[in-house]
Amino acid sequence: MREKKTIVRKQKAPGKGIKLKLILWGSLALLILLTAAFAPYITPHDPYEQDLGRALWAPCREYLLGTDRYGRDMLSRVIMGARTSVFSAVLLVLITTVTGSVAGTVCGYHGGKLDTFLMRVSDVFLAFPGMVFAIAAASVLKGGLFGAVAALALISWPKYARIVRSQVMAIKNAPYMEAARLAGSGTVKIIFRHMLPNIAGPVVTTAVLDMGTMMMEIAGLSFLGLGAAPPAAEWGSMMSNGRSMLQTSPWVILAPGCAIFLTVMIFNLLGDTVRDLLDPRQRKKEELPL
Amino acid sequence: MEKILEVKNLRKTFYKNRSPFPAVEDVSFHLMKGECLGLVGESGCGKSTAARLIAGLLEADRGSVGLEGEEILGQKGKKKRDVYTKLQMVFQTPQDSFDPRRTLGDGIMESMRNRGMKKDRARERMYRLLEQVELDRSFGDRYPYEVSGGECQRAAIARALAVDPLLVICDEATSALDVTVQAQIVELLKRLQRERKLSLLFICHDLALVQHMCQRVLVMYQGKIIEQGTADEVIQRPREAYTRTLVDSVL
Ligand SMILES: Nc1ncnc2c1ncn2[C@@H]1O[C@H](COP(=O)(O)OP(=O)(O)O)[C@@H](O)[C@H]1O
Ligand SMILES: [Mg+2]
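Chains as they are written, first to last, in my numbering: chain A, 1 to 290; chain B, 291 to 541.
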């Protein structure tokens with residue numbers, strides 16, 4: 001006699017809705033990345049050419065997003081800014097996720113003194129107001145945009161280390177880890193095959209969701225003159241330059257603002273979709289009617 | 291009859307808030323080839339800890355574990371992997387014992403793939419193993435959350451059998467299942483034990499089930515083996531007061 005197979009259902013390949021979402025948000029994100037990559041070739045005007053004769057023009061047919069106070073084409077600058085903003089944010093996210101994940105995995109898996117040491121170090125970073133530290137670090141590093149990225153990486157990795165560490169600790173004693181040991185898998189194999197795929201969801205989601213925050217932080221440092229230096233086009237510094245003209249010429253701040261908003265939103269939605277895709281249990285909860 | 295497993299003076303102390311907590315204290319016993327040995331005791335008495343120490347999933351403080359006369363405690367790397375071709379475990383919560391991101395088939399094939407078996411052959415063998423535990427092939431492609439507890443436990447048994455082990459430790463393999471399913475899994479284990487001349491260490495807190503499965507029983511209490519003997523002996527004429535309460539509470 002076999003038990004009834006009532007709850008058995010054939011694995012639904014990743015739901016159709018999720019696939020559609022992934023394609024939609026993925027291609028929009030890709031579009032942004034491509035824009036960033038090919039920015040110099042697709043700008044309608046030279047983003048750096050100044051002409052005070054057409055300063056602060058409102059959006060018109062020739063200058064679709066208007067011009068700034070030096071008469072530079074806003075659309076071209078927004079496109080050019082994608083390169084600076086998006087790539088520095090991507091770079092920053094990559095650096096922090098990788099460092100944080102390595103530190104977190106080592107701490108969570110190994111434990112002991114190394115764990116204690118690294119966690120105390122990360123406590124120091126977490127206890128200190130992040131931006132203040134980043135400002136200090138960036139001004140010491142004096143490296144322009146890369147200095148800003150490095151400074152922000154320094155304050156951001158502990159968060160990832162913490163997430164990864166707690167995830168690793170939560171599942172490292174799960175019976176399926178022991179089962180993998182019994183199957184003769186070594187530590188490296190277990191980490192890469194059974195551990196990382198199971199914690200990738202929250203890490204990737206956090207990373208993609210952090211894209212926006214990171215972009216804003218880079219912009220913040222740029223505003224203080226510690227990141228992208230003028231006249232480089234960068235969304236954050238473009239926004240701060242436009243602050244004083246919010247009432248008279250709102251397009252100067254709205255153009256880069258909307259660019260940030262849309263980019264952040266697209267990456268957030270992509271992050272959610274990726275999470276759903278990476279976590280089958282999550283998927284199951286959504287698909288099984290209660 | 292020869293001994294397949296010989297455990298001597300096994301000991302493990304956990305530290306809870308710095309105060310020592312002896313979870314397994316001086317446990318010694320042996321298991322004969324083809325025997326099904328029961329290990330009973332209330333929850334928290336150290337049965338799982340003992341099982342994990344024997345399987346080398348947890349480091350023992352002291353003691354020795356001989357498998358076919360060879361010391362297996364403290365083995366590392368390749369030697370340890372070799373141990374796992376002879377010794378396997380089935381866990382209490384079947385669904386948690388499979389990686390939620392991998393199919394049951396992947397889980398069953400992992401040990402074969404680790405030993406260098408080609409994918410096609412491993413797959414064929416996985417199907418044969420599923421057959422032996424009375425599951426059809428399609429279960430190989432399912433995820434652990436897509437099958438019932440009983441089916442998942444069958445797959446876990448198939449996974450344990452994948453290496454043709456001599457000894458299988460069943461750590462409350464039936465406790466998380468409801469009664470009818472439990473009976474089916476027990477029958478399956480009995481049949482496999484008979485057919486494959488398996489040795490079983492059957493950990494359980496249900497005395498009636500142990501009596502049904504095992505010839506010999508160990509009674510564990512607060513980390514120690516306090517009584518052992520044939521199942522009928524222990525159940526009908528318990529010598530220790532604790533065993534008596536255990537017997538009275540279930541029968
Ligand atoms: N990793 C651990 N750290 C600290 N204490 C533990 C650990 N594993 C088990 N214990 C403790 O050891 C005791 C025995 O647990 P266990 O062997 O799981 O009992 P059983 O399987 O008989 O129910 C319990 O009190 C439990 O809290
Ligand atoms: Mg237990």
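Since the hints were made in silico from the structure, they are not lab data.
You may find that some hints are simply not true.
Mimicking DSSO-like on lysine-lysine, the simulated pairs with C-alpha atoms at most 27 Å apart in a straight line are [stated by the list, open to error]:
hint: 1; chain 1: A; residue 1: Lys-113; chain 2: A; residue 2: Lys-159
hint: 2; chain 1: A; residue 1: Lys-189; chain 2: B; residue 2: Lys-376
hint: 3; chain 1: B; residue 1: Lys-376; chain 2: B; residue 2: Lys-306
hint: 4; chain 1: B; residue 1: Lys-298; chain 2: B; residue 2: Lys-408
hint: 5; chain 1: B; residue 1: Lys-369; chain 2: A; residue 2: Lys-189
hint: 6; chain 1: A; residue 1: Lys-172; chain 2: B; residue 2: Lys-369
hint: 7; chain 1: B; residue 1: Lys-514; chain 2: A; residue 2: Lys-189
hint: 8; chain 1: B; residue 1: Lys-293; chain 2: A; residue 2: Lys-189
hint: 9; chain 1: A; residue 1: Lys-159; chain 2: A; residue 2: Lys-142
hint: 10; chain 1: B; residue 1: Lys-376; chain 2: B; residue 2: Lys-408
hint: 11; chain 1: B; residue 1: Lys-514; chain 2: B; residue 2: Lys-368
hint: 12; chain 1: A; residue 1: Lys-113; chain 2: B; residue 2: Lys-306
hint: 13; chain 1: B; residue 1: Lys-487; chain 2: B; residue 2: Lys-293
hint: 14; chain 1: A; residue 1: Lys-172; chain 2: A; residue 2: Lys-159
hint: 15; chain 1: B; residue 1: Lys-323; chain 2: B; residue 2: Lys-293
hint: 16; chain 1: B; residue 1: Lys-487; chain 2: A; residue 2: Lys-189
hint: 17; chain 1: B; residue 1: Lys-293; chain 2: B; residue 2: Lys-409
hint: 18; chain 1: B; residue 1: Lys-369; chain 2: B; residue 2: Lys-298
hint: 19; chain 1: B; residue 1: Lys-323; chain 2: B; residue 2: Lys-376
hint: 20; chain 1: B; residue 1: Lys-408; chain 2: B; residue 2: Lys-370
hint: 21; chain 1: A; residue 1: Lys-172; chain 2: B; residue 2: Lys-487
hint: 22; chain 1: B; residue 1: Lys-369; chain 2: B; residue 2: Lys-323
hint: 23; chain 1: B; residue 1: Lys-293; chain 2: A; residue 2: Lys-172
hint: 24; chain 1: B; residue 1: Lys-409; chain 2: B; residue 2: Lys-514
hint: 25; chain 1: B; residue 1: Lys-323; chain 2: A; residue 2: Lys-113
hint: 26; chain 1: B; residue 1: Lys-480; chain 2: A; residue 2: Lys-172
hint: 27; chain 1: B; residue 1: Lys-306; chain 2: B; residue 2: Lys-514
hint: 28; chain 1: B; residue 1: Lys-368; chain 2: A; residue 2: Lys-189
hint: 29; chain 1: A; residue 1: Lys-172; chain 2: B; residue 2: Lys-323
hint: 30; chain 1: B; residue 1: Lys-323; chain 2: B; residue 2: Lys-370
hint: 31; chain 1: A; residue 1: Lys-172; chain 2: B; residue 2: Lys-306
hint: 32; chain 1: A; residue 1: Lys-189; chain 2: B; residue 2: Lys-298
hint: 33; chain 1: B; residue 1: Lys-480; chain 2: B; residue 2: Lys-368
hint: 34; chain 1: B; residue 1: Lys-480; chain 2: B; residue 2: Lys-293
hint: 35; chain 1: B; residue 1: Lys-408; chain 2: B; residue 2: Lys-323
hint: 36; chain 1: B; residue 1: Lys-293; chain 2: B; residue 2: Lys-408
hint: 37; chain 1: B; residue 1: Lys-306; chain 2: B; residue 2: Lys-368
Only a predicted model underlies this, so the values are computations on that prediction, with no experimental measurement involved.
Assess, step by step, whether the Cα of B:Lys-514 is no farther than 27 Å from the Cα of B:Lys-368, and give holds or violated.
32 Å, violated
Take a quick look at whether B:Lys-480 and A:Lys-172 sit within 27 Å of each other, Cα to Cα.
Cα-Cα ~32 Å, so violated.
Need the status of pair A:Lys-172, B:Lys-323: alpha-carbon distance at most 27 Å?
33 Å, violated
Given pair status - B:Lys-306, A:Lys-172, alpha carbons within 27 Å:
Given that 27 Å is the threshold and the Cα spacing comes to 19 Å, the pair holds.
A:Lys-172 and B:Lys-369 were given as a pair; does the straight-line alpha-carbon distance stay at or below 27 Å?
22 Å, holds
For the pair supplied as a hint, B:Lys-293 and B:Lys-408, confirm whether the alpha-carbon distance does not exceed 27 Å.
With Cα atoms ~34 Å apart, B:Lys-293 and B:Lys-408 exceed 27 Å; violated.
Hey, B:Lys-293 versus B:Lys-409, does the alpha-carbon distance stay inside 27 Å?
Violated, at about 36 Å.
Within 27 Å, alpha carbon to alpha carbon, are B:Lys-323 and B:Lys-376?
Given that 27 Å is the threshold and the Cα spacing comes to 12 Å, the pair holds.
Please work out if A:Lys-172 and A:Lys-159 have their alpha carbons no farther apart than 27 Å.
20 Å, holds
27 Å Cα cutoff - pair A:Lys-189, B:Lys-298
Between A:Lys-189 and B:Lys-298 the Cα gap is close to 32 Å, so the pair fails against 27 Å, i.e. violated.
With the threshold set at 27 Å, check whether the alpha-carbon distance from A:Lys-159 to A:Lys-142 stays at or below it.
Holds - the C-alpha atoms of A:Lys-142 and A:Lys-159 are around 25 Å apart, at most 27 Å.
Given pair status - A:Lys-172, B:Lys-293, alpha carbons within 27 Å:
Roughly 34 Å separates the two Cα atoms, so the pair is violated.
Against the hints set out earlier in the document, violations occur for numbers 3, 4, 7, 8, 11, 16, 17, 21, 23, 24, 25, 26, 29, 32, 33, 35, 36, 37.
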